[in-house]
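Here is what each chain is made of, one letter per residue.
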Amino acid sequence: MSNPYAKLPAWAEYILIPLLNLVVAFLVAGLVVLLVGENPLDAAYYMITGAFGRGEYIGFTLYYATTFIFTGLSVAVAFHAGLFNIGSEGQAYIGGIGVALACLWLDKTMPWFVVFPLAIIGSAAFGAMWAFLPGWLQAKRGSHVVITTIMFNFIASSLMVYLLTKVLKPLGQMAPQTRTFEAGGQLPKLDWLMSIFGLNLGNSPFNVSFLLALLAAFGVWVLIWRTKLGYEMRTMGHSPSAARYAGIGEARITIIVMMISGGLAGMMALNPIMGEQYRMQLDFVQGAGFVGIAVALMGRSHPAGIIPAAILFGMLYQGGAEIAFEMPAISRDMIVIIQGLVILFAGALENMFRPAIGRAFASIGRRSVAAAQTRGA
Amino acid sequence: MSDIAIELRGIDKSFGLVHANKNINLTVRKGTIHGIIGENGAGKSTLMSILYGFYQADRGDIVIDGNTVTIKDPNAAIASGIGMVHQHFMLVENFTVLENVMLGAEESQILNTSISKARVELKRLEKEYALEVNPDALIEQLPVGLQQRVEILKALYRKADILILDEPTGVLTPPEADHLFRILGQLKDQGKTIIFITHKLREIMAITDEVSVMRRGEMVATRKTKETSVEELAELMVGRRVLLRVEKGAANPGEVKLSVENLTVRDGRGVTMVDNVSFNLRAGEIVGIAGVAGNGQSELLEAISGIRRAVGGKVLLNGKPIDVTGHVDPRELRDRGLGHVPEDRHHVGLVLKFEEAENGILGYHHEKRFLNGVFLNTKAIQADAEEKIKKYDIRPPNPRLKTANFSGGNQQKIVLAREMERGPDVLIIGQPTRGVDVGAIEFIHKRIIEMRDQGMAVLLVSVELDEIRALSDRIIVMFAGRVVGERDPDATEGELGLLMAGVEGRKEAAE
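Sequence lines, in order, name chains A and B. Quick note: the first sequence uses the numbering used here, first residue 1, plus one each step. Quick note: the second sequence uses the numbering used here, first residue 378, plus one each step.
Extracted from the complex, chain A is given alone in its bound form (with noise of 0.2 Å):
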């Protein structure tokens, strides 16, 4: 037969397989811990404390998840239309340049809310701008964007180097990052909303760019499941050949479809900026961009998906710190490790239940068939 894999229940499909490829991520990562001479169920108990024993710790989980959500959507957009933009951290990086920019200019005269959307359109812009190239050579040159976009995220973070240490930072000052913000450059953080949960934020820097966050995953689901847009790049993503017959323009589709992603991508920018340092620093996106892979992964790049994923990539980072603190002889790099480890088993070796639960759903359903055969008999 052409197609081995039966077709699974949904409930199946999008909560047993990926949970069921976390759970063996996690295991895993429990043997490497072993491996170093730490207790697997310590480690998982400081994970679980650290990140979510507090509401400053939850805080933090999600500020951390908001970074991500951001990243995701910006990887699971390209996904969609058959793309794999890599280069989330570079445009993440420039967004920043937007983010700075609106702040810079008018944090000392308007309040944040004035502020906010002129650093959300700069964001974006930036974002989408950086996308726009790897997008524009790949629809016009055929330069494939896994390529380009990993060799715009050095040129981002060499541009960056430059701006900030020659640009955008004041004289006088040593560490190369902008002018801290006045109040205007500030987003409020979410006190009221953790408080509704009777949780005290402390001084996490769980920030209103969460909210924008949920509302631009509601927008990406809009975009790609109801507009003429998600249709076509839908129908890109799954088959080119059938966009072609359907006069669906490739080259115009890949161009826009980039720059949204970059655009989601910068918007991520606005966390970590106005969030929580109210300046503009070095290397301030730390690999978010590629966490970000691994979440449209895990999240199946749905929206729904994603944000699940995006709180889960946050735990590990809030609660991976908490561990590395708790256990000497656990860096953060094994962060890393079990990061490799879910995109390892959530990404690559999706397929590897499969087969195995397809058996099992089919032999339950022939039994199930049989015993109400026999009653009926």
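Don't read these hints as lab results, they were simulated from the structure. A couple of the hints might just be wrong.
[Stated by the list, open to error] Some chain B residues near chain A, calculated using beta-carbon distances under 8 Å: (1) Gly387; (2) Ser391; (3) Asp543; (4) Gly547; (5) Gly726; (6) Leu727; (7) Val728; (8) Lys730; (9) His742; (10) Lys745; (11) Val751; (12) Phe752.
Ideal Cβ placement from N, Cα and C applies to all residues, glycine included.
Mind docking chain B on chain A? Use the hints.
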């Protein structure tokens, strides 16, 4: 020794939820040609893959010459004397015939001694079975019929007593197919047993001694070929009575709707695939393009429908030119009244991962009736899908179901409904019934004739000569990218067959 070559007892195989073979029993007698017939997805290929060791059966026994055997891989099958000629040849294109025949069966590490041994053996086989082919010819230089002969030689070289042929005539011209049948007859006379898989009833009647019919994973009947008829076999395959002939009145051609002049198309490597082709297509007629697969028909359709750029020539749609040598937007052609049912519905005509309703608007998704501004009008799309499902009897009648879960026939109906219901002036259809079950073929043929009677101009490309003859009002034959002749639909199969093989055409061109 019994006269039974191979016996399958209670073979059962599932892929997840798909029960591909259900308790199959089959007895094949020695020295006979045994046909296995069934629609696509009936389980024929799965059964043969089990016999050849690609899959393991979940249950059941395989008995060869009275001994129960386990066939865990193709090597075990070969050791048991089973050879297989696949639908798609498993040959190394840039190896010679001899190298292909001995590939995998080299007898020593030193190639030279194997080669000389193999050459002797090949000579003997050629003589014994009258299968001449130059052992030093490169595969890529051989016509398809000879390549298939190499596949048969490969099996014989490995001392196969039982030969399985999987849809062997799909790629052959009628004369080549006749030749193959003669070869199979000779092999039978020499005592070989042949299992012949096909979905073409005529071939079954022509060469088999016994025939077994599969339907939905079950073996529903075995008959002596002499004692059965095409009608009975068709009914067994489908499970109900089917009309094999299409009723159609005389055509009533009107004005020219599509005019193709000196169209020339090259493929990516610069090989000319369509060579200076000209013809007219009128309203209310069906023009069939006959030819063996790969003689430029696909490229012709693609050039006309704006998917592939032509290097020369003119195409007029409704009297207005299409810029076939420049940039053509398929969307614009649709707006101008060109409907296109592509040959490859899996990759081109449909997006298999889409819901049925989503595929119902593919190519027409920019039309106002399906949109609210930039948003999709899901209600209108759903309603449109439901209407077409009813009209074309698409099953299961669920517009939210993923297209991949529909059968081939129903998938094709989704494409046809989309392209026909838009009411184009010109409808070009490639392989309307490839991989479509017999029941749906009947429906599709009727719809195509109805469209013609409503005044649509229909250009039909099919590798099934029977289909071309049944539907067309005029038949154009293509060979090596050129039009080699035009015939009435009552031309004999032999005449068309020679044209398709390029024999008659050369003469005609010379005159």
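Each hint tested on the structure:
| no. | hint | in the structure |
| --- | --- | --- |
| 1 | Gly387 | violated (16 Å) |
| 2 | Ser391 | holds (6 Å) |
| 3 | Asp543 | violated (14 Å) |
| 4 | Gly547 | violated (16 Å) |
| 5 | Gly726 | holds (7 Å) |
| 6 | Leu727 | holds (7 Å) |
| 7 | Val728 | holds (5 Å) |
| 8 | Lys730 | holds (5 Å) |
| 9 | His742 | holds (5 Å) |
| 10 | Lys745 | violated (11 Å) |
| 11 | Val751 | holds (5 Å) |
| 12 | Phe752 | holds (5 Å) |
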